[in-house]
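Novice: With these hints in hand, go ahead and build the complete structure from the sequences.
Line by line, the protein sequences are chains A and B.
For the first sequence, my numbering begins at 35 and goes up steadily by one.
For the second sequence, my numbering begins at 23 and goes up steadily by one.
Simulated from the structure, these hints should not be mistaken for laboratory data.
What you are looking at is a predicted structure, and each value in this text was computed from that prediction instead of being measured.
Note that beta-carbon positions come from the ideal geometry of N, C-alpha and C, so glycine has one too.
Hints are not guaranteed to be accurate.
Stated by the list, open to error - Label pairs and their computed distance ranges (CB to CB):
id, chain 1, residue 1, chain 2, residue 2, range
1, B, 286, A, 47, 46 to 52 Å
2, B, 167, A, 162, 30 to 36 Å
3, B, 209, A, 92, 53 to 59 Å
4, A, 47, B, 291, 35 to 41 Å
5, A, 152, B, 329, 53 to 59 Å
6, A, 139, B, 95, 53 to 59 Å
7, A, 139, B, 74, 19 to 25 Å
8, B, 120, A, 95, 52 to 58 Å
9, B, 329, A, 47, 32 to 38 Å
To be verified - Only part of the chain A face toward chain B is listed, based on derived beta-carbon distances under 7 Å:
id, residue
10, 98
11, 103
12, 123
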Amino acid sequence: MLCAMCGNDQARVYTRRTESGETKLYLCPDCYRRFMSGKASDTKNVRRACPSCGTTLDEFRKTGYLGCADCYSAFREELIPTIRVLQGRLYHTGKDPVRALGDEQAELEEELADAQKTGDKFLEQRIRYRLSVIHRLLSGGDE
Amino acid sequence: MNISYESVAVSSRIRLARNFRDYPFPDRLIKSPHAREQASEMVRTINAELNAVEEFELYDVGTLTEARATYLVERNLISRDLIRHSAISAALISPDESISVMINEEDHIREQYFMRGYDLNKAYERITGIDDVISESLPFAFDREFGYLTACPTNLGTGMRASVMMFLPAVSRRGLMKRIATELHRLGLTVRGTSGEGSGAEGDLFQISNEVTLGLTETEILSAVEKAVELIVQFELRERARMRAEGGIQLRDKTMRAYGILSNCCLLGMKEFIELTADLKLGILFGYLGTDRAEEEVLAEVDEHIVAMRPANIDRLNGAALSEEEQNAYRAEQTNRVMRRMEIVV
Ligand SMILES: [Zn+2]
Ligand SMILES: [Zn+2]
Chain A
35 MLCAMCGNDQ ARVYTRRTES GETKLYLCPD CYRRFMSGKA SDTKNVRRAC
85 PSCGTTLDEF RKTGYLGCAD CYSAFREELI PTIRVLQGRL YHTGKDPVRA
135 LGDEQAELEE ELADAQKTGD KFLEQRIRYR LSVIHRLLSG GDE
Chain B
23 MNISYESVAV SSRIRLARNF RDYPFPDRLI KSPHAREQAS EMVRTINAEL
73 NAVEEFELYD VGTLTEARAT YLVERNLISR DLIRHSAISA ALISPDESIS
123 VMINEEDHIR EQYFMRGYDL NKAYERITGI DDVISESLPF AFDREFGYLT
173 ACPTNLGTGM RASVMMFLPA VSRRGLMKRI ATELHRLGLT VRGTSGEGSG
223 AEGDLFQISN EVTLGLTETE ILSAVEKAVE LIVQFELRER ARMRAEGGIQ
273 LRDKTMRAYG ILSNCCLLGM KEFIELTADL KLGILFGYLG TDRAEEEVLA
323 EVDEHIVAMR PANIDRLNGA ALSEEEQNAY RAEQTNRVMR RMEIVV
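Specialist: This is the structure in structure tokens:
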């Protein structure tokens with residue numbers, strides 16, 4: 035079996051207990067030791083806190099939980115090896131609400147231009163309302 | 023789907039984990055001085071959004087009685103973790119109990135669809151529709167790389183857990199579960215006994231679900247689970263045939279004893295009840311016990327009866343709390359009654 039961190043074929047299955055339940059780790063013994071001692075990523079930063087919620091990397095290692103969405107940006111570098119171990123992959127390929135809203139927004143903007151040309155006030159109003167909802171859902175984030 | 027298929031793949035469940043971008047995750051939120059206002063704002067917006075589309079009943083966990091909360095847990099509509107967060111948590115449940123939306127459990131939102139029978143695609147269609155509605159309430163925490171952000175990275179990406187409850191009396195009694203478990207882990211899937219991780223399975227029921235949530239599309243996850251479920255169904259059916267051929271009078275004796283006790287007992291504890299109903303179901307499947315109705319319908323009735331006979335469910339049916347012995351008597355009497363609709367096939 036391939037080690038999820040270094041890719042050599044000496045991996046074993048380790049069961050790790052966190053407050054959120056059991057997780058299986060597919061690692062070689064060396065990477066397992068490094069992972070458990072927290073040295074897989076930068077140990078100097080364990081006291082650094084998330085600017086939004088105050089969760090530290092150390093707390094995450096103890097509980098297995100992050101404190102808020104911004105923790106993922108604050109600890110991105112440090113989280114990557116952990117995520118690779120837990121999930122085997124790093125990039126989301128599934129449902130994407132941001133892209134869906136973006137596509138809808140682009141379509142509506144074209145429809146809005148048409149409605150303005152034809153002078154359909156009622157339709158224009160409806161499109162503007164929907165666009166304001168989309169704007170509220172998309173704005174303010176890091177995306 | 024034919025009958026023998028659904029006598030193995032008993033029910034399907036999909037849950038999606040979601041969080042809102044602008045609030046700390048529940049474990050953090052609960053410690054904030056504004057926890058209550060923020061939580062009620064969240065609950066109000068989701069409730070308005072959902073109830074504009076279809077009917078949901080709102081449960082404020084903080085004001086639920088212990089009895090009512092346990093009743094909902096026994097029916098798998100809410101979790102112990104949700105109760106642990108009762109200061110900030112709520113649930114929205116559809117009238118037919120197929121959809122439950124837990125608010126402020128481990129994540130801000132846990133959307134769940136449950137159905138009797140085996141149809142993961144139908145389950146996904148339904149729950150992703152509910153997800154679309156909830157996504158209009160407040161901005162979700164979503165990252166271009168990591169997907170839906172969750173409190174625990176084990177749920178990252180799709181936030182989806184697709185699971186199928188499987189009745190595996192032949193495979194498990196013939197000591198073959200280990201082989202399945204090892205095989206599943208290699209496929210990024212996992213198997214759990216119904217009474218939780220690590221513990222043995224109650225009533226020969228096992229839950230098969232995906233472990234990996236990131237880097238695969240929802241469709242890929244569903245088909246991985248489906249592929250495994252289909253192999254396990256074939257395996258179980260083969261082992262049932264073997265069990266029946268080799269079991270002879272001992273096997274028939276076991277199921278008849280279950281039938282005898284369930285028909286005539288005066289006190290029936292949960293543990294014995296669960297064990298005997300598994301034997302009883304086996305008796306129905308092997309044709310030792312019959313009714314005037316379809317086999318599939320009888321099995322569904324037995325499973326519903328099992329849920330209805332859990333302690334808090336009994337108290338609710340009875341209309342007042344009972345002692346454990348009174349519950350055992352109630353369970354025995356109701357079970358005797360269900361058994362009267364069955365007869366021994368000679
Ligand atoms: Zn390694
Ligand atoms: Zn944070």
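Novice: Each hint should be assessed against the structure and marked as holding or not.
Specialist: Taking the hints in turn, this is what the structure says about them:
The hinted window of 46 to 52 Å between residue 286 of chain B and residue 47 of chain A holds, with their beta carbons roughly 47 Å apart. The hint said 30 to 36 Å for the Cβ distance between residue 167 of chain B and residue 162 of chain A, and at roughly 33 Å that hint holds. Checked against the hint of 53 to 59 Å, the pair residue 209 of chain B and residue 92 of chain A fails, with Cβ atoms roughly 34 Å apart. A hinted range of 35 to 41 Å for the beta carbons of residue 47 of chain A and residue 291 of chain B is consistent with their spacing of about 37 Å.
Our hint of 53 to 59 Å for residue 152 of chain A and residue 329 of chain B holds, since their Cβ atoms are close to 58 Å apart. The hint said 53 to 59 Å for the Cβ distance between residue 139 of chain A and residue 95 of chain B, and at roughly 41 Å that hint is violated. Remark: the range hint 19 to 25 Å for residue 139 of chain A to residue 74 of chain B is upheld by a beta-carbon distance near 22 Å. For residue 120 of chain B and residue 95 of chain A, the hinted distance range of 52 to 58 Å is not satisfied, since their beta carbons lie about 39 Å from each other.
Separation of residue 329 of chain B from residue 47 of chain A is about 34 Å and conforms to the stated range, judged on CB atoms against 32 to 38 Å. Nearest Cβ of chain B to the Cβ of residue 98 of chain A: about 6 Å, under the 7 Å cut. The hint holds. Using the Cβ-Cβ criterion of 7 Å, the hint placing residue 103 of chain A at the interface with chain B is satisfied: the shortest such distance is roughly 4 Å. Checking residue 123 of chain A against chain B: minimum C-beta separation of about 3 Å stays under 7 Å; hint holds.
When the structure is compared with the earlier hints, violations turn up for hints 3, 6 and 8 and for no others.
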